[in-house]
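Peer 1: Place chain B on chain A using the hints.
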Amino acid sequence: DAKTTQPNSMESNEEEPVHLPCNHSTISGTDYIHWYRQLPSQGPEYVIHGLTSNVNNRMASLAIAEDRKSSTLILHRATLRDAAVYYCIPTSGGSNYKLTFGKGTLLTVNP
Amino acid sequence: GAVVSQHPSRVICKSGTSVKIECRSLDFQATTMFWYRQFPKKSLMLMATSNEGSKATYEQGVEKDKFLINHASLTLSTLTVTSAHPEDSSFYICSARDWGLASGANVLTFGAGSRLTVL
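Protein chains in written order, with the numbering used here: chain A, 8 to 118; chain B, 952 to 1070.
For the record, the hints were derived by calculation from the structure and aren't laboratory data.
Cβ atoms here follow ideal geometry from the backbone N, Cα and C, with glycine treated the same way.
Heads up, a few of these hints could be off.
Now the in silico label distances, taken between C-beta atoms and shown as ranges [what the hints assert, rightly or not]: (1) Gly1012/B - Pro14/A: 25 to 33 Å; (2) Asn1021/B - Arg84/A: 40 to 48 Å; (3) Arg84/A - Thr968/B: 25 to 33 Å.
For reference, chain A alone in the conformation it holds in the complex:
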């Protein structure tokens, strides 16, 4: 599995954008980059995923570096409900896959 490096914690103010970085320099050429988040006392929740191109969905945007060794999850306007641990996980697109969680980034959103 590709190793990831994320900040232990980040802080943001409500309604401001948040950029959550992730380093995955050993990512395989066929691995997708997944982002999940986990709110307190809940199971993880899918946020977004991408392969090479930047991606947008209703929750967030994902910016992927051209060399794919890093990516950034962008929350355009943080809300208090976005306070969670965010995990960046490179994952194989093949049938023999599993999601391995690292330590993630604890995002605190201030009102």
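Peer 2: Below, chain B alone, put in the same frame as chain A:
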């Protein structure tokens, strides 16, 4: 989107007893489900991959006789913690691949988790 339901959400049991946790995929079939455990302030640790109709694949260091996994149907996987002890107290979470979000990637939908407390 796809929903994965876990039951019970909380369970307290006495040391030495067994506890079963159910994981159901609602409105979709899940040939593969994954079981995780999470200790307080720690990340999720994959315990095993549950395959419908066959034996589960356990991660290194996970006792298969202690954590029995059964995936008898395409919508139900169960995890039984046998002869539970206080050190088994943890947050157990299951997940299944969300084929609706696949687009070539393996996106998982997670249950809400089951908190086990062994007295």
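Peer 1: Could one say that the CB atoms of arginine 84/A and threonine 968/B fall in the range 25 to 33 Å?
Peer 2: Violated, since arginine 84/A and threonine 968/B (Cβ atoms, about 48 Å apart) do not stay within the stated range.
Peer 1: Please check whether asparagine 1021/B and arginine 84/A have a Cβ separation lying inside 40 to 48 Å.
Peer 2: Given a distance of about 44 Å, which is inside 40 to 48 Å, the answer is holds.
Peer 1: Glycine 1012/B and proline 14/A, beta-carbon distance inside 25 to 33 Å?
Peer 2: 28 Å, holds
Comparing the model with each earlier hint shows a violation of hint 3 alone; every other hint is respected.
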